[in-house]
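All chains, please: the whole structure from these sequences, using the hints.
Protein chains in written order, with the numbering used here: chain A, 1 to 326; chain B, 1001 to 1326.
If you're looking for bench data, these hints aren't it; they were derived computationally from the structure. Hints may be right or wrong, so weigh each one.
Said to hold, decoys possible - Simulated pairs of lysine-lysine, DSSO-like, Cα-Cα distance not exceeding 30 Å:
hint, chain 1, residue 1, chain 2, residue 2
1, A, 149, B, 1129
2, A, 288, B, 1208
3, A, 227, A, 299
4, B, 1104, A, 129
There are 2 protein chains.
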Amino acid sequence: MYYLGIDLGGTHIACGIVNNEGEIISVCETPTKPERSYQEVIADMGQSSLSAIKKAGLTADDIAAIGIGIPGIADNTTGRVIFCTNLFWQDVPLKDELSKFIDKPLYIENDATVAGFAESVAGVSKGSKSSVFLTIGTGLGGAIIINGKPWTGAHGVASELGHLTLEVDGIPCTCGKDGCVERYCSATALIRMGRETCIAHPDCALSKAVGGDVKLLNAKIIIDLAKDGDALALKIFHRYTRYLALTINTIISFIDPELVVLGGGVSHAGEFLVNAIKEKLPHYLMFKTMPYPDVLIAKLGNQAGIIGAAMLGKIVYEEGKFDYAH
Amino acid sequence: MYYLGIDLGGTHIACGIVNNEGEIISVCETPTKPERSYQEVIADMGQSSLSAIKKAGLTADDIAAIGIGIPGIADNTTGRVIFCTNLFWQDVPLKDELSKFIDKPLYIENDATVAGFAESVAGVSKGSKSSVFLTIGTGLGGAIIINGKPWTGAHGVASELGHLTLEVDGIPCTCGKDGCVERYCSATALIRMGRETCIAHPDCALSKAVGGDVKLLNAKIIIDLAKDGDALALKIFHRYTRYLALTINTIISFIDPELVVLGGGVSHAGEFLVNAIKEKLPHYLMFKTMPYPDVLIAKLGNQAGIIGAAMLGKIVYEEGKFDYAH
Chain A
1 MYYLGIDLGG
11 THIACGIVNN
21 EGEIISVCET
31 PTKPERSYQE
41 VIADMGQSSL
51 SAIKKAGLTA
61 DDIAAIGIGI
71 PGIADNTTGR
81 VIFCTNLFWQ
91 DVPLKDELSK
101 FIDKPLYIEN
111 DATVAGFAES
121 VAGVSKGSKS
131 SVFLTIGTGL
141 GGAIIINGKP
151 WTGAHGVASE
161 LGHLTLEVDG
171 IPCTCGKDGC
181 VERYCSATAL
191 IRMGRETCIA
201 HPDCALSKAV
211 GGDVKLLNAK
221 IIIDLAKDGD
231 ALALKIFHRY
241 TRYLALTINT
251 IISFIDPELV
261 VLGGGVSHAG
271 EFLVNAIKEK
281 LPHYLMFKTM
291 PYPDVLIAKL
301 GNQAGIIGAA
311 MLGKIVYEEG
321 KFDYAH
Chain B
1001 MYYLGIDLGG
1011 THIACGIVNN
1021 EGEIISVCET
1031 PTKPERSYQE
1041 VIADMGQSSL
1051 SAIKKAGLTA
1061 DDIAAIGIGI
1071 PGIADNTTGR
1081 VIFCTNLFWQ
1091 DVPLKDELSK
1101 FIDKPLYIEN
1111 DATVAGFAES
1121 VAGVSKGSKS
1131 SVFLTIGTGL
1141 GGAIIINGKP
1151 WTGAHGVASE
1161 LGHLTLEVDG
1171 IPCTCGKDGC
1181 VERYCSATAL
1191 IRMGRETCIA
1201 HPDCALSKAV
1211 GGDVKLLNAK
1221 IIIDLAKDGD
1231 ALALKIFHRY
1241 TRYLALTINT
1251 IISFIDPELV
1261 VLGGGVSHAG
1271 EFLVNAIKEK
1281 LPHYLMFKTM
1291 PYPDVLIAKL
1301 GNQAGIIGAA
1311 MLGKIVYEEG
1321 KFDYAH
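Encoded structure:
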């Protein structure tokens, strides 16, 4: 059998057909245009899905189940999206609408969970029983894989690793709390640290790299300068990776997974990032003589959304129930 | 069948026989006297176990398996205690030594995990599929129950909830890190806050309650004065329970369990403690319109050690393997 995996993003919808081994057979993409009604968005999702099936040389009969990754939260008992901020969706009957095009067992999950699950099925953490995935971009999302399955919590809101408190009364967060991990470990946090440095040192290499316009600063510029050995950029990078090491240590003290996997834009820094974290991690470990998780860079990139969603569909199909994690 | 549960503490060893329903049938206790050799301690443990079996009107044939809760970490593939600081044990062959007295499938687990598991089998969280247990005393320990079983991590060091970072570069912790949860949420932390208040306000009710000797201050004195409405004691109590609410919020953002259970000395404050936490919790929630875990006080007290250990033995017996969590 084959599985349909849909990656519903704020700008693009990617629909892909995936085989039992987690390999993508075909993909069709379409722009999301979230300013439209949800009916129109889901109709495009349905049409793209049918195109992907055709492109793979298959028919709907070959599809066992569907998984959808969304930048939000869903209730799988009703097949409704509870909310999805980027798409302005609230209480949207995604399953019912999509079933007008293709009607199969369907599972909807948060996109970070989907990406982390994809890595554990077909990516860098393949073969591991437990892993924690951090996607480090504008925000910071997470996924927890336990016994080979995503753990999404008793109320569907687990693995919001960007919103653990790292600093009581720390930097105010978009979520309404203060001092969340996201405010210290996201790309946004790294850029903020870079901007602070540019303001304090207007003649620094960072400031020159953006022609004095700190608004142009991004994570790649800071990391590239740190790689080149620029002292101030390295200082920022070590401050930033210290926060990441503290957060990974909290993950170890809490869950102690086999592996920690880093994805998202910042993870493109690759070994340079991993080495800076691994250098700091042992200092923070509670049990210094015990083995601890390796830290790895995710490898599926944009494919993770389709693969993870499809493989979640596979679990639901094989187990015949929606609360796969329980 | 029946199960033998052993609670190995720094001062006492309690051995109990437990039935399939998690009810204690008999108990025998003996002092630990940890200054002795481990062989002597384990011999007393074996003798007490045999006495408990006899007291229950049973023989060794009626015992299906043994569970032992220790204030430390063990390797169940070898049956050895890796370390157990209070008992000065390092790499102790607990299974081999105990088998000289009673030889059954045996599982050794950290005492906080054992207590949390007991609550989920026969205590306040009975019937729940997922829960997180915090034991709040001199230190702060934790247990994570997922799908009805303790999750102890890929390397056996999970659920060290006292050592999540709550404050970067915060109060130095006994573990070597700074700003751990234990430094803000344990009884020790509450007492520290009380002492600081006594020093700043030598005439306060707290200071009077201990005749000016801050060394006599304990958690109960502070909580009792707060219950009586003393303004300064209440201020400390609200500062302290705010840290607890932040930590419970981190637990929700991470694992999102069905229930959060509080045990240990501080939990004797009961509803007064729970209400102060519940009052603060909604403010910190990431998803304010979603349901979230209730916070409950543990109910098994000292019996948790025996019941939880015995019920872990039961899992190992029924599943026929030691890596029950995987």
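Status of the hints after comparison with the structure:
no. : hint              : in the structure
1   : 149/A with 1129/B : holds (16 Å)
2   : 288/A with 1208/B : violated (43 Å)
3   : 227/A with 299/A  : holds (21 Å)
4   : 1104/B with 129/A : holds (28 Å)
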